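*Asks:* Residues per chain are reported as follows:
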Amino acid sequence: MIICKKLIGTLIILIGAIGCSNTAVEPKRVGIVLYGGSRTPQSDGLIDGLAELGYKKDQNILYSVLNANNDKSKLEMYAGQLIQEKVDLLVAGGGLEADAIKKIGRADAPPTVVLYVNSIVERKLVATRADPGWNVTGIDNLNAELSEKRIELVRDLLPKSKRILILYYPNIDPSRIGVDFARKAANKFQMEVVAKAVQSVEEIRAEMNNIKVNEFDAMLTVPTAPIDNALNDIILPRVKQLKLPLFTHSRSLVEAGALASYGAPFYDLGKQGARLADKVLRGVSAAKIPFETPKTFVYSVNRSELEFLGLTLTELTKSQINEYL
Amino acid sequence: MSAPKRIANRIVLLVLLLEIISIAIWGTLTYQSSQRELVNTIGGQLSETNFRARTEIANFFTPLAIHADVIASTIASVPMSREEMRSFLYRAMRTRPEIQELSLFDAKSNELAKMSRSESVSDSDLRTNINDADLQSALQGNRATSLISFSQYFEPEIRLVFPIAGKTTADNMALGIRVNLKWLWDILQAQRIGTSGYVYVVDDSFNLIGHIDPSYVLARLNVSKSSIPSELFSGSGLSTLTQYKNFEGDEVAGVSGYDPINHWWVVVEQPADEVLAPLNRIINRFLLVFILAATITVSLVLLFSKITMRPLEKFEKGIARIAAGESTVRIDVPADSELSTLITAFNGMAENLDDRIHELREAERKYRTLIETASDSIIVVDEVSGRIRLANRRAAQLLGYSMEALVDMTFNEILFDTNIINLMRIDEELKTEGFINNHGTAVKGFDGEKISVDFSASRTGFGDAMLLQIAIRDVRERQQLIEELEYQATHDSLTQLPNRKMLITDITHCLRDNSDSGKTSALFMVDLDHFKEINDTLGHRAGDILLKEIRPRLTQRLSPDDLLARLGGDEFAVLIRNFANEKDLVNKAKHIIDAIRQPFSIDGLTVQIGASLGVAISPMHGIEAGELMKCADIAMYHAKVNRLGFAFYSKNLDRHSRERLTMLSDVTAALKHEQFVLHFHPKICMKTGEVKGAEALIRWNHPTLGLLSPNEFIPLVEVSERIGDITRWVINDAIRGCNQWRNAGEENLRVAVNLSARNLNDESLPKTIEKLVNAHDFDARRLEVEITESALIVNPRRSRNVVAALHDYGVRVAIDDYGTGYSSIAYLRQFPIDEIKIDRSFVRQLSSNRSNAAIVRSTIDLAHSLDMTVVAEGVEDGESWETLRDLGCDFGQSYFVCKPKPQDRFVEWLLRRTESEVA
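In the order they appear, the protein sequences are chains D and P.
The numbering used here numbers the first residue of the first sequence as 169 and each following residue consecutively.
The numbering used here numbers the first residue of the second sequence as 61 and each following residue consecutively.
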C-alpha cells in the first residue's frame, strides 16, 4: 500500500512538473555603459538597430543604460554594476568604456560589444584582431587610418596646399597612428605634414599662437580627445584668425566650425553594432566575431566656412562630398 | 509488507499497466500523424526563408550589375578628361556604399584610375595587372567574379570585373569593383527562422563563405567534410526538409537552395528541438492526461482493495502477534464473511497455545529465581546452537553486557581463548566425567578485557532443550594480589624501575641466552656524582624527586631491549642486551652521562649533578651476573675517582678498587699521622714576572699506594664529613706555609686553598677560618679561597652566605676552572668574586683554536670591567704565555714555569728566583 501511495505522489509531482514546463522565454538584458552625452548617437543607433531586428524594448529586451557624464572614474564602477546585474550583453559606447570593462577583468562578465573605438590593438583592447583574448567584438571606426584618406581629400579640396599642420599627443595611440597615416599619404602627393607634439592645453595654445600667417596651407586633426576639446576655445578662433582651413575627423567638429570632416557617422555605427549584438544574443561567441569596420563614411563640408575662406569647389570635390552643413 | 497489501499493490500495478498500454497505442498514432503534419509545415517555412534569402542575394547583386553597366556604358560613350573620370567614379562609388573600391583598366591592363573609400590613391599607386585572370577575361568581353577573399580587417570581399567595349579591341577597357559582402551577409543573417534558426552560404567548392558565426568562415570550413548530408548540395533547386547534425554537432532540420548566378548554396537551418517544439507540447499534454487518468485509477483501485482486504489484514496481524509471543490474541469473527470458519479455528488454536506457554513460563520463573540467588555467575547454554539462553545478573555484571545483549550470544564469544577451552571440549569432558570443575581459565569482557575465572559445568534440562549450566567465579582479585607481590619484590618502589633482584635475574637469563647464541651483552653501572650533597642540603624529598626524574631521562636514550634498574641509593644499572661494537657502548654511555648532567629543577631550584659510569662486557669480563656487576662497579669507581665520566673494565683496575674500599677508612689515620702534604703552585704576574702568591694543592703520602693526587681520593672523601677535616687541615697548613714565606722575605705573597661544594654548605666555615687566621696571627687578606662554579650552584643561597661572610672577613674569593660549568660571569656577579681562573682547557688550545682565544679575550675584558683579576691555568709554553699577556691576563700558573712543589722546595725556588732577579 505504501508503494501505491508513493506512486500517486510521484504522479502528482509529474503533473506539476509538466504543467510548469511551458514557461515563457526570458527577455534579454543588455547593459550599456556611456562615457557621456557624446555617445548618445551610437547608443540610439544600437537600440534602433536592435528594434529593426525584432528586439522590442521592455518586451523581449531590457536595457540598463549608465551614463558617466564625462567622469571617466565612474566607468569601471558602472561596468561592475551591470555585471552584477547579470546582464546578457555589455555594450560599451566607446573606447574608454571598453578599456574600463577590460580593466576590471571579471570572470563572470558577459560578452561585450564596443560601438566606437579605434587602434584596438595598439591601445591593448585586444591581443590581435584575429583573437581578442577576451569575449569582445565591436566596430573599429578607423579614425586614425582614415587620416590617409583625409590628406587625399585635402589635396582635392585645396589643390595648392603643400604644408599641412597636425597637432598630436604622442602618448595617445590613435593620435600618433593618425600622424603616421597622414604622412604616408602626404609623401604620395608631394605634400609635407608638420606634426607638432603637444602634451597639454597650454602647449596646444602655445603652438597655435606660434603659427604665422601663411605658414601652413591647412590644418588636419587626428583623433585626440584633448585636442577635440580645445577646438572651440583655442583652435577654431586661431584658424579663423589665420584663415587656415581646418579638416577634421568628426562631423560634430564641422558643426562646431571646422571646414570639413571625413569619418563614420556615430548613429550608423550604433546600428551596425546592433547586428553584432544580435549575433551575440543569438549565442555566437563575441570573441569569434572580428571587429568590423564602418559600413559608411561621410564627407561633410561647412558651407559658411567655405565662403569665409573664399574657396571654390572643383567638380571632383563636389563628387566626393556627401553633405553640406 | 502484509500479504493483503501485496495483493492490492499487484492489482493496482496491473490496472496501471493496462492503462499505459492502451494510452501508449493511442499516443503513438496521434504522435505520428502530428509529426507528419509538422514536418510539412516546417519544411514549407524553411523553404520559403531559403527562397527569400536567395532573392536577397539577387537583390544585392542585380543593382550592382546594373550600376556597373551604366558606369561602363557611360565611360565607353562619353569622352572624359582624367579629372572628369575621377569625379565620375567618385559619384559612382558614393551611390553604392557597399563598393569599397573602383578601378578602371585600359586594354593593356594598366590601371587608369582607382578610387578607394578608405585609402588614399595617387598616380604612383596605379599598377599594370597583366596576370589578373578576371581582368583579362573582362577585357575579352566577359564579366568575371572572383572568389571571396578577406580584407586586413577579416571582412568578406568579392571582386566583380565588368567589360567596357571600345570601338576596337585596343579600345576595350574594364571596370573592377571591390564589394564588401558584410552588407549582404547582414541582410541574410537578419532573416528570422523561429527563435534560433539561421542562414548560411556555401560556394560550389563547398567552402563556407557566409555564416552568423564568422569564425567558421575565417577557419575555411568545408562542409563536405562535415556530417551534413551531401544530398543537400546535389540538386539544382530546393532540397527537401532534412534532419541531420550540423557541423557544430547539433541536431538540426535544414533546407538548401542553389543560386545558379553566383553558384552558391544557401542553407536554412533550425535546431531540431525548436522545430519539434510543437510536437513536444503535444507529448507533454498527452503525458498530463495519462498521469491524471492514472492517478484517478490508482486511487479508486486502492480504495476498493482496502475495503475488501480489511478482514484478511486483521487475520494476518493476529498470526503475526502469536508468532511474536503474544498468546492472548483473539480475532473478531466477521459475520457473513468468507473467512469466518478460518478465524474460529485460529482462535481455538490460540487458546491451547496460551495454556502451554503459561506452564513453561512458571517453570522458567522458578529456575531463574534459583540461579539469580547463586553466589557465582551462572549462564545456561544451548548445547546444539552454542547460544546463551539464560544468565543471571551476576554473569552480566561480570562480563559487562546487558542481560539482553548477553542472552543470545554464543558461549564461545565470551571465552577469552577458545584454543584453551571451548564448547566442544566441555561437551567431550562432560561425556566422560559428567561434571567439570576447571581452575585457571579466562573469559572475555565486553571491551575485550581478560577476566580470570574458575568455572564448573553440568548438563541440565529445560523442556526438550539440551542445555549446559555453567557457573563462573571471578578470581581476578586473587590473581592481582599475587601479581602485585611479585612486582614489589622485583621493583624499586620510588622509581618503579626493576631492582637489583630483577636485574640479576635478567642478567642471568640474558647471559644464558648468550651462551647458546654466542652474542655479547654489556652492563653499565651508573653512580650519581654529588647526589649526596643534594640529599644533605635540600633534603631527601628533593633527592627523591631527582631520582624519579632520572628514569624518563635515561629511558629516552635507551633502546627497548635495554633494561634500566635502580640498585639503591644513587646507583643505577643498565643491561645492554645487544650492541654492535664498543663504539655503540661509548655513545650510549655518553648519552646517559649527558642526560644526567642536564640541570634538574626541584621546587624552583636548578641543580646540577654528574654521573660516573662503568662498563663491563660479557663474556669478556664475566659470564655470571655477580661477576659482571662487580666488574662494572670497579670500572665505575675508576671513572669516578679519575673524573673520566665513564670507563670500561680492565683487569688493571681491580687492584685499585680494592684499595679504594679501604681508602676512606684510612683518611682519619692519615690526618693523625700527617700523611697529607701541601704542594704549592705559584701564581705569577704576567706583565712583571713577579710571584704574587701560590695555590696550595694537597697530596696524600699513602703508606702503601704511594703519593696520591687529590683526584684519587678527594672525590671519595668529598661525599663524607671527612672533607671538613681535610679542608681545615689544608687551610691551617697553607697559612703556616705562607707565614714561612714571610719569614723568608716574601711578605706580600698570598696563598690560595680549594673549597668543595660541601665546604660551601657548611655555614660554620667562616668562623673556622677566622679562628685559624687568628691562631697564626695571619692577615686574612693574604688568604684566597678557590671555588668551582658547580660547587656554587649546588646550594646557591647557602653558598652565597658562606662566600659573602668570607669576603667580608677579608678573604679573597676566586672562581676555579672557569668555563667548565654552565654559569656566566653575569650569574657569578651575585657572589663577591675577586678573581677568575680560566680553565686550562681554554688556555691549552689558545694558539690553535680561534674560538678559545675569543672566549679568553672576552672573559678577560668582562672580568676587568667588573674589577676582577684573571688567572690563566695550565699555560704550557712561552708562546701561550705571551699571547695571554697580550690579551691582558693578569696572572698565570704554569708547569712550564714552575711545577707544584712541597713547602721546602717551594721556598728554595722562591729564594733562587729572588737571587737571580737581584743578580
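If you are wondering where the hints come from, they were derived from the structure by calculation, not from laboratory data.
Note that the coordinates shown come from a computational prediction; the quantities given were computed from them, not determined experimentally.
For every residue, glycine included, the Cβ atom is placed at its ideal position computed from N, Cα and C.
Heads up, some of the hints might be wrong.
To be verified - Facing chain P, according to a computed beta carbon distance under 10 Å, are these residues of chain D, among others:
no., residue
1, 249
2, 456
3, 458
4, 492
*Asks:* Take the hints in turn and mark each one as holding or not.
*Replies:* Here is what the structure says about each hint:
no.: 1; hint: 249; in the structure: violated, 29 Å
no.: 2; hint: 456; in the structure: holds, 3 Å
no.: 3; hint: 458; in the structure: holds, 4 Å
no.: 4; hint: 492; in the structure: violated, 14 Å
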